[in-house]
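Work out the full structure, taking the sequences as your base and the hints as a guide.
There are 2 protein chains.
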Amino acid sequence: MQWKGKKEQMMEEVGAFDPVPKEELLKRMDGLKGLMAKSGIDFGVIFQNVDEFYFTGTTQKGVLVIPLHGEPLFFLEKSIERGRLESPLDIIPIKKEKEIKEVLQSKGLLRGIAGLELDVLPVAAFERLRRNLGFDRHADLAPCIREVRMVKSPFEITQLRKSGGMMAPVFEAARHAVREGASEIDIEAALIGIGRRHGHQGFLRMRGINQEMTLMAVQAGYTGAMVTYADVPIAGAGITPAIPQGSSFKCVERGIPVTIDYGGGYNGYITDETRTFVVGKLAEPFQRFFQCALEIIEDAMAYVKEGVECTDVFARAYRIAEKASLQDYFMGHGEGQVSFIGHGIGLEINELPVITARHRRVLTEGMVFAFEPKFVLPGQGAVGIELDFIVRKDKLERVTNDSFELVTV
Amino acid sequence: MQWKGKKEQMMEEVGAFDPVPKEELLKRMDGLKGLMAKSGIDFGVIFQNVDEFYFTGTTQKGVLVIPLHGEPLFFLEKSIERGRLESPLDIIPIKKEKEIKEVLQSKGLLRGIAGLELDVLPVAAFERLRRNLGFDRHADLAPCIREVRMVKSPFEITQLRKSGGMMAPVFEAARHAVREGASEIDIEAALIGIGRRHGHQGFLRMRGINQEMTLMAVQAGYTGAMVTYADVPIAGAGITPAIPQGSSFKCVERGIPVTIDYGGGYNGYITDETRTFVVGKLAEPFQRFFQCALEIIEDAMAYVKEGVECTDVFARAYRIAEKASLQDYFMGHGEGQVSFIGHGIGLEINELPVITARHRRVLTEGMVFAFEPKFVLPGQGAVGIELDFIVRKDKLERVTNDSFELVTV
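One line per chain: the protein sequences are A and B, in this order.
Counting from 1490, one number per residue, gives the positions in the first sequence under the numbering used here.
Counting from 1490, one number per residue, gives the positions in the second sequence under the numbering used here.
Below, a sample of chain A positions facing chain B; criterion: calculated Cβ distance under 8 angstroms:
| # | residue |
| --- | --- |
| 1 | Gly1504 |
| 2 | Gly1546 |
| 3 | Thr1547 |
| 4 | Gln1549 |
| 5 | Glu1575 |
| 6 | Asp1608 |
| 7 | Pro1611 |
| 8 | Ile1681 |
| 9 | Asn1699 |
| 10 | Thr1729 |
| 11 | Ile1732 |
| 12 | Pro1733 |
| 13 | Glu1824 |
The hints are simulated quantities; they were obtained by calculation from the structure and are not laboratory data.
C-beta: ideal position from N, C-alpha, C; glycine also.
So this is what it looks like as structure tokens:
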């Protein structure tokens, strides 16, 4: 009522997003139901905002219940008006979570096993939901959700391409921002508004407690080799122990590599790529590091496609690093060495698949992952390339087509 | 070893933070122990990164155990080197969480009740900790943590002042960025790098699942009146249902208020203030709204000090709005009206105290809160002022001394 006839016009004026089609939402729920059936879950309870968005098209405050058999029940508390505008699903308005119990009871659902997002749902919120929804038995729904979200639809790939489209203007502007003596923070500050102007959603999401990230991380030397809690090959120093990652006040030096890791964000979908810059001639051994990263990228692009095992993707990359005797610097050094060379991307930056030596999974068409061969020289710096790939029947397809060569400025 | 002799020099070169003194950390833990004793908790288990930082001075990956009697046990997994550099506490290096069990057993702790951060700890992480640490009985440690963090030390107030110091250059630059026809996103993009250049930590934190925020929110008209899931008086439209808050592509119109809500961030500490701008003469009823917000601010600054009840602070503000017949627009409208006019700030933006009509709590010296009288005209726009206050024995003291008048551009 608040927006009267102007609703749609307003939404168009303020935003830049593509609404998720209803058939797509239903298909996603069907996918989830298939996995729920295998896990013995009778109804899924979706509470986290990202999962809610994935299945409903809105992130307003509410609870989505997906019964194995029957229609989804989307209970919405606030804003009901906005939820109705954004989601094509039927909405059951509620004032309090407690009202959900009666509906679930009337559908006979409470006799079954509830599936909840145990990987993100805090204990107190879980206890409250159990009380308010009235279920007795529960299981973890998170593996089902993560698996159904792993394979992207054509609609999602369009969103990812738009997200990736923000990178070209940012990396292009970086050619001017990276200068001898400029600090990492200076470079980030010069670039960070550009993506936003191109419709960047504002922040990025990583699933799980203590999982945080900045939109951009610039490393200009030894900061690229500093180890921190984050499970990433190049984390950065940051400027405070309160957020010990990302750009710092370290300044660019001639011949020392500068890595810029940037995440696009469009309509919820995150892309994640890295480029390496240098003022003047890249010093050794970084030159060798970069060539090896290039070789790994080219090998993956020639070999990887649907049907390839994730562990094979990792093993090939590792062998190339080993052949160049660079395995000690590959994906970090010492305490900072990480086990993966790739990670799924989508609404969160740590989706499936993960590309490691031990996570066995066969790639299938529509999986999308960031692939990031990086090399770290302790106390000195790091280089790397990170590209986002879509798995196709016969190849890897890039999300964007931007150059990933070393940029000499 | 990685940093050899250069460690301290490097940390100085890259960062801009003040390390937390050891005595301060011990005092914080003593405060927590006092509250644990009252709650019947025998040992606190700190896992969330913000709480870890508060009690240890670092956010590296680990678990802090605080026994009611005896020394803290700080188990650190990664990065041990960085943790040692940042925290003055003794560090017990571990390879796996499981190693903690034996130590706790040897101290006899496992016979007691463990306190955990149940408001943020996901069910799966809780179950893993229970297995790896070996406790049988547990209770919620979150209320104790939130209470001890509520009163800020002189060291913390210094951090908050540095955080607040980032606002002046941002709001000053906004005088130029706010122009007729500029979009909210344009304005944000022009301003967002400025705080970062002044040492902004990069992002802000809000405690709890689904609690997210942007660094800045610009609203230029009816977007300031759009209701969303977020429990804030002026949330903004955002540009996607995936993140339905913050700045949008709505453009500035003559006479219509533009609110800019910005969060500073220094060494973990968050400040949160709002200013109202207008191109030309502010249209009615926004003029009246703004005057009423000013009156509420002035009344609070004259009346509020240590010993005042939070509910009184709210009631006085409400009465002023009521006297001006503006209670229907006060702190939002309809579905969007929120129950608070103030919230504690610190390492997270939703700390204690909360200033509402029903949360009874007497203000004491050292509490710090954002106070935000705001008025919303549905379908049209919003105005407001938000200032950060430190509670003193005899007055409220501002965190910054910047002007909060209406800015006409």
